[in-house]
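Could you build all of it, start to finish, from the sequences and the hints given here?
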Amino acid sequence: MQIDVTKLQDWVVLRIGEARLDAHNSNELKDTIQKHLDKGDTRLVIDLSQVRFIDSSGLGALLSGYKNANLHQGKMVLAQLQPRVESMFELTRLNRVFDIFPAVEDVVHGGDA
Amino acid sequence: MQIDVTKLQDWVVLRIGEARLDAHNSNELKDTIQKHLDKGDTRLVIDLSQVRFIDSSGLGALLSGYKNANLHQGKMVLAQLQPRVESMFELTRLNRVFDIFPAVEDVVHGGDA
Amino acid sequence: MTAPDDIQVDIIVPNQTRYLSLIGNIGEAIAKELDRYQGDRETLAYHLNLVLTEAMTNAIRHAHHQDASKTVRVRIHIDQDELCIEVYDQGQGFDLEDQSLPAPDTPVEHGRGLFLIRTLMDEVEYHRGEHANVLIMRKKLS
Amino acid sequence: MTAPDDIQVDIIVPNQTRYLSLIGNIGEAIAKELDRYQGDRETLAYHLNLVLTEAMTNAIRHAHHQDASKTVRVRIHIDQDELCIEVYDQGQGFDLEDQSLPAPDTPVEHGRGLFLIRTLMDEVEYHRGEHANVLIMRKKLS
Ligand SMILES: Nc1ncnc2c1ncn2[C@@H]1O[C@H](COP(=O)(O)OP(=O)(O)O)[C@@H](O)[C@H]1O
Ligand SMILES: Nc1ncnc2c1ncn2[C@@H]1O[C@H](COP(=O)(O)OP(=O)(O)O)[C@@H](O)[C@H]1O
Numbered sequence: 050m051q052i053d054v055t056k057l058q059d060w061v062v063l064r065i066g067e068a069r070l071d072a073h074n075s076n077e078l079k080d081t082i083q084k085h086l087d088k089g090d091t092r093l094v095i096d097l098s099q100v101r102f103i104d105s106s107g108l109g110a111l112l113s114g115y116k117n118a119n120l121h122q123g124k125m126v127l128a129q130l131q132p133r134v135e136s137m138f139e140l141t142r143l144n145r146v147f148d149i150f151p152a153v154e155d156v157v158h159g160g161d162a
Numbered sequence: 050m051q052i053d054v055t056k057l058q059d060w061v062v063l064r065i066g067e068a069r070l071d072a073h074n075s076n077e078l079k080d081t082i083q084k085h086l087d088k089g090d091t092r093l094v095i096d097l098s099q100v101r102f103i104d105s106s107g108l109g110a111l112l113s114g115y116k117n118a119n120l121h122q123g124k125m126v127l128a129q130l131q132p133r134v135e136s137m138f139e140l141t142r143l144n145r146v147f148d149i150f151p152a153v154e155d156v157v158h159g160g161d162a
Numbered sequence: 018m019t020a021p022d023d024i025q026v027d028i029i030v031p032n033q034t035r036y037l038s039l040i041g042n043i044g045e046a047i048a049k050e051l052d053r054y055q056g057d058r059e060t061l062a063y064h065l066n067l068v069l070t071e072a073m074t075n076a077i078r079h080a081h082h083q084d085a086s087k088t089v090r091v092r093i094h095i096d097q098d099e100l101c102i103e104v105y106d107q108g109q110g111f112d113l114e115d116q117s118l119p120a121p122d123t124p125v126e127h128g129r130g131l132f133l134i135r136t137l138m139d140e141v142e143y144h145r146g147e148h149a150n151v152l153i154m155r156k157k158l159s
Numbered sequence: 018m019t020a021p022d023d024i025q026v027d028i029i030v031p032n033q034t035r036y037l038s039l040i041g042n043i044g045e046a047i048a049k050e051l052d053r054y055q056g057d058r059e060t061l062a063y064h065l066n067l068v069l070t071e072a073m074t075n076a077i078r079h080a081h082h083q084d085a086s087k088t089v090r091v092r093i094h095i096d097q098d099e100l101c102i103e104v105y106d107q108g109q110g111f112d113l114e115d116q117s118l119p120a121p122d123t124p125v126e127h128g129r130g131l132f133l134i135r136t137l138m139d140e141v142e143y144h145r146g147e148h149a150n151v152l153i154m155r156k157k158l159s
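Chains as they are written, first to last, in the numbering used here: chain A, 50 to 162; chain B, 50 to 162; chain C, 18 to 159; chain D, 18 to 159.
The hints are simulated quantities; they were obtained by calculation from the structure and are not laboratory data. We put the CB at the ideal spot given by N, CA and C, even for glycine. Among the hints, erroneous ones may be present.
So, partial list: chain A residues that the calculated Cβ filter (under 10 Å) puts toward chain C [said to hold, decoys possible]: (1) Thr-55; (2) Lys-56; (3) Lys-79; (4) Lys-88; (5) Gly-89; (6) Met-137; (7) Thr-141; (8) Val-146.
Coverage of chain C stretches by chain A, computed from C-beta distances (three or more under 8 Å per stretch; other residues unrestricted) [stated by the list, open to error]: (9) 70-81; (10) 129-136.
Pairs of lysine-lysine residues, derived as DSS-like cross-links and limited to a Cα-Cα distance of at most 27 Å, are as follows [said to hold, decoys possible]: (11) A:Lys-79 - A:Lys-116; (12) A:Lys-88 - A:Lys-116; (13) A:Lys-124 - A:Lys-56; (14) B:Lys-88 - B:Lys-124; (15) B:Lys-84 - B:Lys-56; (16) C:Lys-87 - D:Lys-87; (17) C:Lys-87 - D:Lys-49; (18) D:Lys-87 - C:Lys-49; (19) C:Lys-156 - D:Lys-157; (20) C:Lys-49 - D:Lys-49; (21) A:Lys-88 - A:Lys-56; (22) C:Lys-87 - D:Lys-156; (23) A:Lys-79 - A:Lys-124; (24) B:Lys-56 - B:Lys-88; (25) C:Lys-49 - C:Lys-157; (26) A:Lys-84 - A:Lys-116; (27) C:Lys-157 - D:Lys-156; (28) A:Lys-88 - A:Lys-124; (29) B:Lys-56 - B:Lys-79; (30) C:Lys-156 - C:Lys-49; (31) A:Lys-56 - A:Lys-116.
Below, the structure written as structure tokens:
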């Protein structure tokens, strides 16, 4: 699974470089997030701009990351969702759980709100 | 079938607005070219930039246009082929029959060569 | 019975999640060419991709327990006004009516697959059979 | 016989050229996921799209004479080292060996379909049967 890691101020940005986030690669995403949290990257942005498809396993992996970040006294937020991907968060009401930002840059200004 | 018609100097440019040129729409292309020739547009450029797939019926329709243009003492040339479409002309050796230009603008400068 | 206007696609793939995208993409290809559908075909394409992915994932994980010697069969049948997807498994079977959605305020990681399938399709059934079980999902096209 | 690693897709569509793109797109979807293929998958995708389109066009036109009450059946089967495409027709049949390519210097408009199929696939056969004829096209994957 292709994931690009960059820093933006005190946030670590994980850019998912896959068109699909499904049961085939969601465990890998979960593990990657876990590893970042374990080594102290506790403020994470997941950049979903390249993801055009997400299934319930993909949503589950993100939820796992979100909960683990909280356990680490950290924060995990989502940015740049494509409209159809965003609609999956609405359908499952997970948009009420996650903080979702239009752009990665918006996180820096509003991520602590 | 979507075909945009524009003029470039003394050439009429037919831009095929379809991703596929196959047995389903090749007759329509053939008829469109014939109509232009009949009404006196005898210098035609077929802009294939939007076409990502061509089959033998699509090649046949272009060949028909080419021959009809000659019968009308005119000229029909091709421009802006995508690499995989161009490879179909090479495979069938029809690249030896057609004049093929990288860009529509090149026709104006070299179309009479 | 199939009429001359019907489209039928019958697929058998290995019991592996790597083939989810293949099944999903075939579903998208079908949706995008479905000129008999009244609604937005791009949205239909996403939804078919999703329900195929969810149902096949369940067959691989819950029915076949990742067993690499198994296969998953998927049938897609389209007639004039209905699209029907069948996903077969050779597992122990389960009771569709017993599955409930996780409450939104306790964000558990699993249990949204069947909810999505039920939300996006018009009718969902699960039948246990002697040789195979089948999840049947239908959607009206008009 | 199918092994657990095989992929099998069996499609039936109306005898209409509007479904060429559906068949072609399914072929592309399969090629793009074919991780067992050694060569360039994007090129393979175009080639499968093309041979499926050519063979199905021939079934619709030359065998079924555009008869809307007919259907076309296409089977795609992939095992460890070979991809096999079968396109069925219920026409009068023809002799594959009798078909010759038009000379390149007399640019006739027809007769390139089988040439393209033969060029892009490794083995091509046509069998007449009692209920249906079948064009079989094989390609080595490794
Ligand atoms: N084909 C199947 N065979 C056996 N059990 C199944 C099958 N499909 C679903 N289930 C059961 O239904 C439950 C809910 O499925 P689903 O809503 O897709 O969520 P998840 O797969 O994330 O648990 C599964 O956990 C499983 O117990
Ligand atoms: N399925 C078929 N049934 C009957 N005849 C066929 C079939 N496929 C091909 N043919 C014959 O072979 C000829 C050559 O086919 P092809 O190379 O595809 O070129 P084209 O279809 O442009 O004529 C056709 O003109 C037709 O006579």
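Against the structure, the hints:
For Thr-55 of chain A, the interface hint is violated, the least distance from its beta-carbon to any beta-carbon of chain C being 27 Å, above 10 Å. At a threshold of 10 Å, the smallest CB-CB gap from Lys-56 of chain A to chain C is about 28 Å, leaving the interface hint violated. The restraint placing Lys-79 of chain A at the interface with chain C holds, with a minimum CB-CB distance near 9 Å, inside the 10 Å limit. Annotation: Lys-88 of chain A was flagged as interfacial toward chain C, and the flag is violated, the nearest CB pair being 22 Å apart, outside 10 Å.
Using the Cβ-Cβ criterion of 10 Å, the hint placing Gly-89 of chain A at the interface with chain C is not satisfied: the shortest such distance is roughly 24 Å. Among the interface hints, the one on Met-137 of chain A holds; its C-beta lies about 8 Å from the nearest C-beta in chain C, closer than the 10 Å criterion. Because the smallest distance between the Cβ of Thr-141 of chain A and any Cβ of chain C comes to about 5 Å, under 10 Å, the interface hint for this residue holds. Below 10 Å, beta-carbon pairs count as interface contacts, and Val-146 of chain A has one with chain C at about 5 Å; its hint therefore holds.
As drawn, the region 70-81 of chain C meets chain A at 5 residues by the rule of a beta-carbon pair under 8 Å; at three or more, the given contact holds. Coverage of the region 129-136 of chain C by chain A holds [criterion: at least 3 residues with CB-CB distance below 8 Å; count 5]. Pair hint Lys-79 of chain A plus Lys-116 of chain A holds up; C-alpha atoms about 11 Å apart against a cutoff of 27 Å. Proximity of Lys-88 of chain A to Lys-116 of chain A is assessed by CA-CA distance (about 16 Å); at most 27 Å being required, the pair is judged to hold.
For the proposed pair Lys-124 of chain A and Lys-56 of chain A, the alpha carbon gap of about 15 Å is at most 27 Å, so the pair holds. Our distance criterion of 27 Å between C-alpha atoms is met by Lys-88 of chain B and Lys-124 of chain B, whose separation comes to about 14 Å. Restraint check for Lys-84 of chain B and Lys-56 of chain B: the C-alpha separation of about 16 Å stays at or below 27 Å, so the hint holds. Only pairs whose Cα atoms come within 27 Å are accepted, and Lys-87 of chain C paired with Lys-87 of chain D is rejected, the gap being roughly 35 Å.
Of the supplied pair hints, the one linking Lys-87 of chain C and Lys-49 of chain D holds, its CA atoms being roughly 23 Å apart against a limit of 27 Å. For the suggested pair Lys-87 of chain D and Lys-49 of chain C, the alpha carbons sit about 23 Å apart, so the restraint of at most 27 Å is met. Distance check on the hinted pair: Lys-156 of chain C and Lys-157 of chain D sit about 39 Å apart at the alpha-carbon level, beyond 27 Å; violated. Between Lys-49 of chain C and Lys-49 of chain D, the direct Cα distance comes to roughly 18 Å. Compliance with the 27 Å bound is thereby established for this hinted pair.
Proposed proximity of Lys-88 of chain A and Lys-56 of chain A is supported: the alpha carbons are some 15 Å apart, at most 27 Å. For a cut-off of 27 Å, the pair hint linking Lys-87 of chain C to Lys-156 of chain D stands: about 26 Å separates their Cα positions. Straight-line distance between C-alpha atoms of Lys-79 of chain A and Lys-124 of chain A comes to about 15 Å, which keeps the hinted pair within the 27 Å bound. Taking the CA atoms of Lys-56 of chain B and Lys-88 of chain B, the gap is about 15 Å. The hint holds against a cut of 27 Å.
Among the hinted pairs, Lys-49 of chain C with Lys-157 of chain C is consistent with the structure: their alpha-carbon atoms are about 16 Å apart, no more than 27 Å. A C-alpha spacing of about 14 Å is found between Lys-84 of chain A and Lys-116 of chain A, which places the hinted pair at or below 27 Å, so the restraint holds. With a CA separation close to 39 Å, the supplied pair Lys-157 of chain C and Lys-156 of chain D exceeds the 27 Å bound. At most 27 Å may separate the alpha-carbon atoms for a hinted pair to count; Lys-88 of chain A and Lys-124 of chain A meet this at roughly 14 Å.
Our distance criterion of 27 Å between C-alpha atoms is met by Lys-56 of chain B and Lys-79 of chain B, whose separation comes to about 19 Å. Distance restraint check for Lys-156 of chain C and Lys-49 of chain C: the Cα-Cα separation of roughly 15 Å lies within the 27 Å cut-off, and the hinted pair is therefore satisfied. In summary, the hint linking Lys-56 of chain A to Lys-116 of chain A is supported, as the alpha carbons are separated by about 22 Å, within the 27 Å threshold.
Hint check: violations occur at hints 1, 2, 4, 5, 16, 19, 27; the rest are consistent with the structure.
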